[in-house]
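Listed below, chain by chain, are the residues.
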Amino acid sequence: MCFAFAIACKGPENTDEFGKKEMFINYADNIILPAYTSYGTALNNLQTAFTTFSTNTDATNLSALQTAFLNAYAAWHTCEIYEKTPPAENAMAIDNNNYFPTRKDSIEAYIGRNSTSLSFVQSRIKSDKGLPAMEYLLFSRTLTPTQILERFTIHPNAAAYTAYLGSLISNCINVQASIVTEWATYRDTYINSLGTDAAGSISYMVNSFAQRVDDFKRHQIGIPAGYQGNVATININPQAAQAYNANKSIEYMLLTLNNLKDVLNGKGAVDGKGLNDYIRTLNVTSTFGGNLADDILAQIDVCIDKVNACGVDYANTITTDKPKADALFLEAKKLLVLMKVDVPSALGVSITYTDSDGD
Amino acid sequence: MIANVKNFLYRPVSIAPLASFRILFGAMLLFSSVRFVAKGWVDLLYIQPQFFFAYEGFEFIKPLLGNGMYFVFGGMILAAICILFGLFYRVASIAFFFLFTYVELLDKTNYLNHYYFVSIISLMMCILPANKHASLDVKLGITSTSAYIPNWCIFILQLQIACVYFFAGIAKINPDWLLHAQPLTIWLKSRDHYPIIGFLFNYSIVPYLFSWFGMLFDISIAFFLWNNKTRPFAYIAVVVFHVITSYLFQIGVFPFVMIVATWIFFSANFHQKFLSIFSIAQIQNKIIYTPKFNSFFVALLCFHFLIQLLLPFRYALYPNKLFWTEQGYRFSWRVMLMEKNALTTFVVKDANGKIEEVCNRNYLTPQQEKQMSTQPDMILQFAHFLANEYETKKGFKNAEVYADSYAALNGHPSQAFIDNTIDLAKQPINFAPKKWILPFKK
Chain A
1 MCFAFAIACK
11 GPENTDEFGK
21 KEMFINYADN
31 IILPAYTSYG
41 TALNNLQTAF
51 TTFSTNTDAT
61 NLSALQTAFL
71 NAYAAWHTCE
81 IYEKTPPAEN
91 AMAIDNNNYF
101 PTRKDSIEAY
111 IGRNSTSLSF
121 VQSRIKSDKG
131 LPAMEYLLFS
141 RTLTPTQILE
151 RFTIHPNAAA
161 YTAYLGSLIS
171 NCINVQASIV
181 TEWATYRDTY
191 INSLGTDAAG
201 SISYMVNSFA
211 QRVDDFKRHQ
221 IGIPAGYQGN
231 VATININPQA
241 AQAYNANKSI
251 EYMLLTLNNL
261 KDVLNGKGAV
271 DGKGLNDYIR
281 TLNVTSTFGG
291 NLADDILAQI
301 DVCIDKVNAC
311 GVDYANTITT
321 DKPKADALFL
331 EAKKLLVLMK
341 VDVPSALGVS
351 ITYTDSDGD
Chain B
1 MIANVKNFLY
11 RPVSIAPLAS
21 FRILFGAMLL
31 FSSVRFVAKG
41 WVDLLYIQPQ
51 FFFAYEGFEF
61 IKPLLGNGMY
71 FVFGGMILAA
81 ICILFGLFYR
91 VASIAFFFLF
101 TYVELLDKTN
111 YLNHYYFVSI
121 ISLMMCILPA
131 NKHASLDVKL
141 GITSTSAYIP
151 NWCIFILQLQ
161 IACVYFFAGI
171 AKINPDWLLH
181 AQPLTIWLKS
191 RDHYPIIGFL
201 FNYSIVPYLF
211 SWFGMLFDIS
221 IAFFLWNNKT
231 RPFAYIAVVV
241 FHVITSYLFQ
251 IGVFPFVMIV
261 ATWIFFSANF
271 HQKFLSIFSI
281 AQIQNKIIYT
291 PKFNSFFVAL
301 LCFHFLIQLL
311 LPFRYALYPN
321 KLFWTEQGYR
331 FSWRVMLMEK
341 NALTTFVVKD
351 ANGKIEEVCN
361 RNYLTPQQEK
371 QMSTQPDMIL
381 QFAHFLANEY
391 ETKKGFKNAE
401 VYADSYAALN
411 GHPSQAFIDN
421 TIDLAKQPIN
431 FAPKKWILPF
441 KK
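Chains A and B, in that order, are what the protein sequence lines are. First residue of the first sequence? That's 1 in this note's numbering, and the numbers climb one at a time after it. First residue of the second sequence? That's 1 in this note's numbering, and the numbers climb one at a time after it.
FYI, nobody ran anything at the bench for these hints, they're computed from the structure. Take the hints with a grain of salt, since some may be wrong.
[As the list claims (entries may be wrong)] Think about it this way: if two alpha-carbon atoms lie no more than 30 Å apart in a straight line, the pair counts; the simulated DSBU-like pairs of lysine-lysine are:
{"no.": "1", "chain 1": "A", "residue 1": "334", "chain 2": "B", "residue 2": "292"}
{"no.": "2", "chain 1": "A", "residue 1": "104", "chain 2": "B", "residue 2": "354"}
{"no.": "3", "chain 1": "A", "residue 1": "84", "chain 2": "A", "residue 2": "267"}
{"no.": "4", "chain 1": "B", "residue 1": "354", "chain 2": "A", "residue 2": "324"}
{"no.": "5", "chain 1": "A", "residue 1": "267", "chain 2": "A", "residue 2": "248"}
{"no.": "6", "chain 1": "B", "residue 1": "292", "chain 2": "B", "residue 2": "354"}
{"no.": "7", "chain 1": "A", "residue 1": "322", "chain 2": "B", "residue 2": "354"}
{"no.": "8", "chain 1": "B", "residue 1": "442", "chain 2": "A", "residue 2": "334"}
{"no.": "9", "chain 1": "A", "residue 1": "104", "chain 2": "B", "residue 2": "442"}
{"no.": "10", "chain 1": "B", "residue 1": "393", "chain 2": "A", "residue 2": "104"}
{"no.": "11", "chain 1": "A", "residue 1": "322", "chain 2": "B", "residue 2": "442"}
{"no.": "12", "chain 1": "B", "residue 1": "442", "chain 2": "A", "residue 2": "84"}
{"no.": "13", "chain 1": "B", "residue 1": "62", "chain 2": "B", "residue 2": "426"}
{"no.": "14", "chain 1": "A", "residue 1": "334", "chain 2": "B", "residue 2": "435"}
Construct all of the structure, not just a fragment, from the sequences and the given hints.
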């Protein structure tokens with residue numbers, strides 16, 4: 001090491017062969033902030049549609065509100081993947097925006113006793129709020145559009161239904177705004193923390209992506225299909241599927257996977273450097289025998305195929321053709337192992353968030 | 001021959017190195033205990049966890065409730081101050097050893113070789129007459145002063161330090177380290193943005209140079225420290241080596257522990273000069289101190305070093321790759337040899353068909369989960385804990401616990417780690433080879 005030290009003194013000031021800093025600048029400016037901004041715009045549109053609907057509660061405005069909601073929920077899928085970055089984690093982004101299955105009984109109970117204020121919603125646990133709660137209020141597989149509209153018009157608790165929905169929207173807007181605000185100050189730290197330690201940006205990204213794939217496997221696929229961990233049981237629960245009432249489970253799985261692919265590739269409005277480009281330069285072989293970076297993308301594609309094989313209605317697939325859901329679960333698990341074991345190993349990042357003495 | 005050994009061990013030597021070591025070691029203990037508390041680790045590691053990974057045979061050792069653990073660390077800090085100043089030294093050194101070792105035995109999660117080293121050295125300090133010079137004990141007349149002590153009092157410290165380096169070096173003689181330069185290849189590559197030396201890490205030969213140099217350094221450094229002629233250069237090498245590793249890797253206080261500990265190799269003259277910096281007077285008397293139970297302690301120490309010699313090789317009693325099974329891994333001075341990650345999830349089943357996946361985070365801290373995931377003995381302990389938890393709190397009958405685990409080691413792709421058809425709740429916790437660890441495949 002003395003030798004290394006000796007030649008080091010003649011070396012250039014700073015090297016970062018791949019361009020990690022450039023990658024983080026790309027993530028911050030080209031991908032993450034635009035994602036939160038477009039989600040923010042979609043939430044504002046939702047708010048506007050909601051205001052229109054609450055002054056003029058009719059079928060046309062309900063339909064417009066539903067569309068605005070679906071746009072916002074779709075936009076959320078570009079933001080969900082940063083859960084372990086400090087701004088999202090501090091704001092508890094997932095808990096506030098997209099935890100499911102939602103507890104419809106509790107929501108009905110709150111509405112029944114007119115507990116609908118914004119501060120009340122803020123204080124509730126994750127399964128009582130966010131986009132899934134709104135989805136439950138705005139869509140139904142059994143009620144007709146007219147009957148849904150009646151919740152907000154002639155139902156004895158119509159005013160409370162409207163108020164709870166309004167508070168849900170406001171809460172999401174506040175959380176989104178706090179994340180954007182924190183990113184403005186955090187950005188400099190983010191693009192300059194190039195290390196693999198617990199507070200390094202690589203650690204945050206790797207941990208975030210792994211968490212996302214874990215949630216994808218567990219919540220989007222596993223829980224509705226009756227998986228308790230890695231064991232399939234006969235206790236399927238199709239209604240626990242994401243956006244069950246609006247029948248968007250499959251569409252959102254595809255959004256999740258395609259977004260994962262884009263983010264790994266560093267692709268936003270322009271195609272910049274991403275984590276997968278960095279992994280590719282390390283020339284690490286995966287379990288499947290190819291370059292880890294390519295095998296991750298290939299495995300995401302396998303998952304996309306398996307999602308498509310499930311048809312258009314995941315809840316229905318679980319009930320009538322469960323082997324298709326099982327096949328999807330199996331492939332998602334392989335993807336999770338790649339993201340949670342192989343990627344950290346290749347990068348020397350640990351799946352933990354604490355600092356410690358080492359040796 | 002025996003006469004020579006006896007002469008070597010019992011011949012009187014100056015007490016100055018031991019006294020100066022006591023001061024530096026005490027200061028280091030004080031610094032690291034205060035740092036530990038200041039970092040909030042008492043709460044994080046000993047108050048927050050609901051479950052602790054006991055060492056086999058030490059299951060009776062439990063953390064104190066409430067703020068009790070802060071009193072333990074308070075006691076440690078007080079004892080370290082007393083050691084530093086040589087005040088009530090005997091009581092302080094014994095207290096420090098017991099408090100520190102008690103804390104270390106609470107949870108395998110926090111095992112570190114340098115904590116083990118501190119435990120051993122502080123146990124040795126309990127029987128050494130380190131307060132017979134440059135101490136408040138002498139000043140206050142609590143103990144008498146001496147100029148000379150038997151050579152073994154200094155030699156055992158040197159020998160213990162030599163063991164640390166030497167076995168750390170022997171452990172580096174393995175294919176991953178020498179032939180594939182792993183895990184250094186992974187670790188250095190991700191540090192190519194470091195100022196000044198970062199650019200080096202883009203040359204694939206550099207991790208090999210580091211690996212081979214590290215191995216040779218560890219194996220030989222103690223011998224160079226013992227030799228009068230090479231000592232100054234060897235000590236400079238120690239400082240440079242530890243400063244660089246500390247700069248590159250998150251290894252906490254370990255480098256400073258070693259920089260301080262190797263101080264004991266210097267000559268009596270050197271230490272006398274060092275002590276004079278603190279206006280500690282030259283030793284005037286010619287009193288030779290002979291510890292009580294002199295031969296008894298020497299016999300005990302021989303036994304200690306015999307164990308030190310054997311422990312690092314106990315892994316040979318187990319089948320399969322050591323880094324994979326980690327059977328016989330701890331207490332062997334294996335430092336920074338692995339980049340290992342694993343994903344380990346548990347499923348609990350009962351006789352009535354109830355099934356549940358365990359959310360590890362409900363029971364373990366992130367640090368515990370990470371350590372548990374990669375270490376089979378901890379996986380087994382956690383499985384036993386889960387069986388009990390699910391039977392007593394969730395009404396499971398005859399809970400069966402299965403682990404689904406994938407691990408990646410030193411640049412090899414992930415592979416299945418634990419046999420997921422084995423009910424771990426029924427596997428005994430002991431030192432027998434764990435047959436449910438799947439073999440490592442190249």
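Just pull the numbers of the violated hints for me, sorted ascending. 1, 6, 9, 11, 12
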